[in-house]
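Chains as they are written, first to last, in this note's numbering: chain A, 1 to 277; chain B, 278 to 462.
Any given hint could be a false lead.
Claimed, not checked - Using 25 angstroms as the maximum straight-line C-alpha spacing, the simulated DSS-like pairs for lysine-lysine come out as follows:
1. A:Lys4 / B:Lys422
2. A:Lys33 / B:Lys344
3. B:Lys335 / A:Lys65
4. A:Lys65 / B:Lys287
5. A:Lys4 / B:Lys447
6. A:Lys54 / B:Lys335
7. B:Lys335 / A:Lys73
8. A:Lys54 / B:Lys447
9. A:Lys33 / B:Lys447
10. A:Lys54 / B:Lys344
11. B:Lys287 / A:Lys54
12. B:Lys287 / A:Lys33
What the hints contain is simulated information worked out from the structure, not anything from laboratory work.
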Amino acid sequence: MDIKEYIESGIIESYVLGAVSDQERREVECMSKIYPEIEAELRLNQASIESYVKSIQVDVPTGIKDQLMDQIKSIPQDSKLTIVKNENAEVKDDNSSSIVFMRRVAAAAVILVLVTGGVLITQYNSNQNLKAKYAELEINSNSQKAELSDELKGLTASLDEMVLREQIISSKQTKEYQMDGTANQPDARAKVYWNASEKNLLLSSMGLPAPEEGKQYQLWAIAGGVPVDLGVLDKKRVFSKPISVDVNNLQAFAITLEKDGGSETPNLEELYVIVNV
Amino acid sequence: MDNQADVLIKELQQGSEKAFGLLYDQYSSSLYGLILKIVADDGLAQDLLQECFITVWKKASLYDPSKGSFFTWMLNICRNRSIDELRKVNRQRTHLDQIVATNEISPLGDATNVDAIGLNDIIDKLPKEQQVIIDYLYFRGYTQKETSEELNIPLGTVKTRARYALNELKNVFVIIVLIWILKNT
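Could you build the full structure based on these sequences and the hints that come with them?
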């Protein structure tokens, strides 16, 4: 943009003489804000017009001022809120209906903003609630999934065990031994399914009384006159997992009640059931 | 420089009737001269002057100093309103008869102006073709294009003549102000 050329084009003079289109008017106002030289030229020309108008002044008949001073007492000033962007419009258009209209538009806009804002806040809040609920559900469903998965794993394992147990029990090599109660525990019962060729056994402990607090049943094999530890019985199970028994000269199976976790040697005072093989 | 004027405008914007009265005293005769020049009718000019001052009162808060002085703002209000009125009157006249005065360029400054600094009508000092341009653009509210069509001269010429006219005015005012300063010291 050549500023000198712009100034010499005469547009600024036309502007101060009020003889420009709306577009040219906006252009000059914009240019004068950007270029100080153009602003200076504009001010100078405005001052010329001002001086010229001063030179053609005419005394106003007396009485007009008094009338005016009287009139303005009952006329409220427009507040800054009603500023209309187009200055030309506000100067030329003295009809206040457009201001009223703009006020209504402004009021409608404010209401619209408030209502929209309210709706958005409500939506935001319910959205947050939904998110929280979803997260909660997700956690629940995850833990439920884990539970179900564990349960399924347990069931599958139980099924495998049952199949294995069934194989052991139904095997031709397996013998069933009824373990009877000793003199101290005459009502105690248990059953052993012993497969001598596979060297594993199954134990059904359904007939044993529930162990006291802090105690646990332990299974023994007596082989060559020596007790061999076959492990403690699961407190929750009445049917043991298959137990591998790798001993020679097997003589008997016995169950004693021991302290939690079992003992190294059986406590014969608390011998519940025994069976000779 | 116009600190006092700025204070006055601020007071007007805050609803001071006293500031309004002082601004009236300061500018009413200039604005009346302008309106009279445009509509050339005493009664109508007085009505328009009152109307414009009420606009100034009501819309004082809309004045934007970045676009020019307060006086220029008031000039624009008066000029725009007066030209609107002139057009209305001209339309009625055209309707009534075919005698349209616009072809005949009346010499400017035929009003009985008493100039504050002792000169009757500065615009007389301008070359005739520049006077005409000022007349059409400023006092009749023609656009450059309308002026160019009306006077049958190129648009560029309208712009250049407007520029020369205003430059001439500037020079004349410098001299006038100098004379005025010499007289008053």
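Cross-check of the supplied hints:
1. A:Lys4 / B:Lys422: holds, 23 angstroms
2. A:Lys33 / B:Lys344: Given pair A:Lys33, B:Lys344 holds - Cα atoms ~9 angstroms apart, limit 25 angstroms.
3. B:Lys335 / A:Lys65: The given pair, whose Cα atoms are some 16 angstroms apart, holds under the 25 angstroms limit.
4. A:Lys65 / B:Lys287: Given pair A:Lys65, B:Lys287 holds - Cα atoms ~21 angstroms apart, limit 25 angstroms.
5. A:Lys4 / B:Lys447: Judged against 25 angstroms, a Cα distance of about 18 angstroms means the pair holds.
6. A:Lys54 / B:Lys335: Holds, at roughly 24 angstroms.
7. B:Lys335 / A:Lys73: holds, 11 angstroms
8. A:Lys54 / B:Lys447: The given pair, whose Cα atoms are some 14 angstroms apart, holds under the 25 angstroms limit.
9. A:Lys33 / B:Lys447: holds, 23 angstroms
10. A:Lys54 / B:Lys344: holds, 20 angstroms
11. B:Lys287 / A:Lys54: holds, 23 angstroms
12. B:Lys287 / A:Lys33: With Cα atoms ~23 angstroms apart, B:Lys287 and A:Lys33 stay inside 25 angstroms; holds.
Every hint from the earlier list agrees with this structure, and none is contradicted.
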